[in-house]
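According to full-length UniProt numbering, the sequence shown is numbered sequentially starting from 1.
If you are wondering where the hints come from, they were derived from the structure by calculation, not from laboratory data.
You may find that some hints are simply not true.
[As the list claims (entries may be wrong)] Pairwise CB distance ranges (calculated):
#: 1; residue 1: 426; residue 2: 53; range: 51 to 59 Å
#: 2; residue 1: 56; residue 2: 471; range: 21 to 29 Å
#: 3; residue 1: 157; residue 2: 444; range: 26 to 34 Å
#: 4; residue 1: 384; residue 2: 112; range: 52 to 60 Å
#: 5; residue 1: 40; residue 2: 157; range: 38 to 46 Å
#: 6; residue 1: 112; residue 2: 363; range: 53 to 61 Å
#: 7; residue 1: 136; residue 2: 384; range: 16 to 24 Å
#: 8; residue 1: 351; residue 2: 437; range: 21 to 29 Å
#: 9; residue 1: 40; residue 2: 158; range: 24 to 32 Å
#: 10; residue 1: 190; residue 2: 429; range: 48 to 56 Å
#: 11; residue 1: 56; residue 2: 434; range: 44 to 52 Å
[Stated by the list, open to error] Calculated pairs, DMTMM-like style, for lysine to aspartate or glutamate (alpha carbon to alpha carbon, straight line, at most 25 Å):
#: 12; residue 1: 379; residue 2: 327
#: 13; residue 1: 142; residue 2: 327
#: 14; residue 1: 465; residue 2: 402
#: 15; residue 1: 157; residue 2: 134
#: 16; residue 1: 51; residue 2: 18
#: 17; residue 1: 31; residue 2: 18
#: 18; residue 1: 16; residue 2: 30
#: 19; residue 1: 51; residue 2: 134
#: 20; residue 1: 142; residue 2: 474
#: 21; residue 1: 34; residue 2: 18
#: 22; residue 1: 165; residue 2: 114
#: 23; residue 1: 456; residue 2: 380
#: 24; residue 1: 379; residue 2: 453
#: 25; residue 1: 138; residue 2: 126
#: 26; residue 1: 429; residue 2: 461
#: 27; residue 1: 292; residue 2: 453
#: 28; residue 1: 465; residue 2: 434
#: 29; residue 1: 379; residue 2: 447
#: 30; residue 1: 60; residue 2: 32
#: 31; residue 1: 165; residue 2: 327
#: 32; residue 1: 142; residue 2: 324
#: 33; residue 1: 59; residue 2: 191
#: 34; residue 1: 51; residue 2: 126
#: 35; residue 1: 142; residue 2: 114
#: 36; residue 1: 165; residue 2: 127
#: 37; residue 1: 56; residue 2: 14
Being a predicted model, the structure only gives us computed values, none of them experimental.
Here a beta-carbon is modelled for each residue, glycine too, at the ideal position from N, C-alpha and C.
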Amino acid sequence: MTSKIKNIDDIPTEIKEEMIQLYSDLPGLEKEYKLIDKIGEGTFSSVYKAKDITGKITKKFASHFWNYGSNYVALKKIYVTSSPQRIYNELNLLYIMTGSSRVAPLCDAKRVRDQVIAVLPYYPHEEFRTFYRDLPIKGIKKYIWELLRALKFVHSKGIIHRDIKPTNFLFNLELGRGVLVDFGLAEAQMDYKSMISSQGDYDNYANTNHDGGYSMRNHEQFCPCIMRNQYSTNSHNQTPPMVTIQNGKVVHLNNVNGVDLTKGYPKNETRRIKRANRAGTRGFRAPEVLMKCGAQTTKIDIWSVGVILLSLLGRRFPMFQSLDDADSLLELCTIFGWKELRKCAALHGLGFEASGLIWDKQNGYPNGLKEFVYDLLNKECTIGTFPEYSIAFETFGFLQQELHDRMSIEPQLPDSKTSMDAIDAYELKKYQEEIWSDHYWCFQVLEQCFEMDPQKRSSAEDLLKNPFFNELNENTYLLDGESTDEDDVVSSSEADLLDKDVLLISE
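Produce the entire structure from the sequences given, and follow the hints as far as they go.
Right, here's the structure in full:
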């Protein structure tokens, strides 16, 4: 369990000084909250565990506190280097997200000059690094289910989180509950369908502006994938027109047949530099983010879920460690193959070439993600890094049978002389079949998360319908904002706690 209460003498001097400075920067704070310890730090903020002295927050937002009767909150200090718009954006999104027990709500906000803090519930949780190698398939199922339920709620509001990773999803193993935090990079998804409702509308839109042409400066979000998706919706039997960019304007190549756009290059490059939001954490960015697609959607969060699931199944974290976008794409090549990445690049109007690779990765792993995970586990089994009791052997055994058609080993009853609790062979076999079934559907979820085409990638709502989650869906406690469970629905007292003008953050 992270951030247990420490003795004041155990807290480093520099953290004590930070907390004293925070009291100084925000007069009156000490009357409402008693700072206990620093529990997190990021690029744009620091987080402190504190005691709610007045009890106002813990009482009004009781349904969001996992330990009933707890009076601990988290104070998020947003650094002064953050722009006012960024601070407003994060607080506004937190305010909007108040409505699900799986998304941390904004309980209060305070500002004194350039010092801003947000008050959130404190969630006791375990660090991902402490359990990702030992979490059984049932635990993996619960973890991903909780995360997808949170994303289903967030995405229903038209919000892209943009930074889905283990440190932003706090999971309590004992309670089996998780909560999504940190909306510092989040943004609203643009409605591209309304922008381009038909091919005719697109032509008018693309060819009209002050210069008599469609300027990329007026619409940086343009990406060929928008046109492709619109065409596939309205004209199933037609071939999408060829489009390129010259001098910052869209040029249609409808009357050019068989043109090889890969031959030759202009003497003077006239194409504008492709711009797009690339915010996120390395290793968790979707291909469309790496390729600077301007039409990014909530599906980039689903790719990140896939990366987390891959780490849980492969028992490796972090899974991807490249420092730049080019190397990140090469990492994907080693799994999915150069051909798949080239197809993905074409969706966004890009070319993709890779040379100098020692191994042949034209098509990636022959059996896809299953073989990749098997390869990871096999290497660890070979060198003996897994203990004999490791739960990873269940995944390894499933993949051995799935990929190599090996006969499963018949479960053996423990020796009654050495075990007082002899397990019935039938029950043991039934357990094995259930574990095998869970792994089968789990890998299907993984493959759906890693669909290269974001338009074909499953949504959080679709993934939750996968048979992998059937037992949780049937036995759910209905802990989300659309349920009637009083533990999750925002009460009127919670809704009324924050003034409508709270986001003005009055001094």
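Hint check results:
A hinted range of 51 to 59 Å holds for the C-beta pair residue 426 and residue 53, which are about 58 Å apart. One distance hint, 21 to 29 Å for the beta-carbon pair residue 56 and residue 471, is violated here, with the actual separation near 39 Å. At roughly 27 Å, the beta carbons of residue 157 and residue 444 sit within the given window of 26 to 34 Å. Between residue 384 and residue 112 the Cβ separation comes to about 57 Å, which falls inside the hinted range of 52 to 60 Å.
Taken as a hint, the range 38 to 46 Å is violated for the pair residue 40 and residue 157, whose Cβ atoms sit roughly 25 Å apart. Restraint check, residue 112 to residue 363: a C-beta distance of roughly 59 Å satisfies the suggested window 53 to 61 Å. For the hinted restraint 16 to 24 Å between residue 136 and residue 384, the CB-CB distance of approximately 21 Å keeps it satisfied. For the pair residue 351 and residue 437, the beta carbons lie near 42 Å from each other, so the given range of 21 to 29 Å is not met.
A hinted range of 24 to 32 Å for the beta carbons of residue 40 and residue 158 is consistent with their spacing of about 28 Å. Taking the beta carbon of each, residue 190 and residue 429 are about 52 Å apart, inside 48 to 56 Å as hinted. At roughly 47 Å, the beta carbons of residue 56 and residue 434 sit within the given window of 44 to 52 Å. The suggested pairing of residue 379 with residue 327 holds, with an alpha-carbon distance near 23 Å, which does not exceed 25 Å.
The suggested pairing of residue 142 with residue 327 is violated, with an alpha-carbon distance near 32 Å, which exceeds 25 Å. For the suggested pair residue 465 and residue 402, the alpha carbons sit about 24 Å apart, so the restraint of at most 25 Å is met. For a cut-off of 25 Å, the pair hint linking residue 157 to residue 134 is broken: about 34 Å separates their Cα positions. With a CA separation close to 17 Å, the supplied pair residue 51 and residue 18 stays within the 25 Å bound.
Proximity of residue 31 to residue 18 is assessed by CA-CA distance (about 17 Å); at most 25 Å being required, the pair is judged to hold. Between residue 16 and residue 30, the direct Cα distance comes to roughly 14 Å. Compliance with the 25 Å bound is thereby established for this hinted pair. Our distance criterion of 25 Å between C-alpha atoms is broken by residue 51 and residue 134, whose separation comes to about 33 Å. For the suggested pair residue 142 and residue 474, the alpha carbons sit about 13 Å apart, so the restraint of at most 25 Å is met.
Restraint check for residue 34 and residue 18: satisfied, since their Cα atoms lie roughly 13 Å apart, inside the 25 Å limit. A C-alpha spacing of about 29 Å is found between residue 165 and residue 114, which places the hinted pair above 25 Å, so the restraint is violated. Restraint check for residue 456 and residue 380: not satisfied, since their Cα atoms lie roughly 34 Å apart, outside the 25 Å limit. For the hint linking residue 379 to residue 453, the alpha-carbon distance of about 31 Å lies beyond 25 Å, and the restraint is violated.
A C-alpha spacing of about 17 Å is found between residue 138 and residue 126, which places the hinted pair at or below 25 Å, so the restraint holds. For the given pair, residue 429 sits about 33 Å from residue 461 by alpha-carbon distance, which is inconsistent with the 25 Å threshold. A hinted pair counts as satisfied when its Cα atoms are at most 25 Å apart, and residue 292 with residue 453 qualifies at roughly 14 Å. The straight-line distance between the Cα atoms of residue 465 and residue 434 is roughly 18 Å, inside the 25 Å bound, and the hint therefore holds.
Between residue 379 and residue 447 the alpha-carbon distance is near 22 Å, which keeps this suggested pair within the 25 Å criterion. With a CA separation close to 15 Å, the supplied pair residue 60 and residue 32 stays within the 25 Å bound. Of the pairs offered as hints, the one joining residue 165 and residue 327 holds, with about 20 Å between alpha carbons and a cut-off of 25 Å not exceeded. Between residue 142 and residue 324 the alpha-carbon distance is near 32 Å, which puts this suggested pair outside the 25 Å criterion.
Among the hinted pairs, residue 59 with residue 191 is inconsistent with the structure: their alpha-carbon atoms are about 38 Å apart, more than 25 Å. Using a Cα cut-off of 25 Å, the hinted pair residue 51 and residue 126 holds, with the two alpha carbons roughly 20 Å apart. Between the alpha carbons of residue 142 and residue 114 the distance comes to roughly 41 Å, so the proposed pair goes past 25 Å and is violated. Only pairs whose Cα atoms come within 25 Å are accepted, and residue 165 paired with residue 127 is accepted, the gap being roughly 12 Å.
Of the pairs offered as hints, the one joining residue 56 and residue 14 is violated, with about 30 Å between alpha carbons and a cut-off of 25 Å exceeded.
Checked against the numbered hints given earlier, this structure breaks hints 2, 5, 8, 13, 15, 19, 22, 23, 24, 26, 32, 33, 35, 37; the rest are met.
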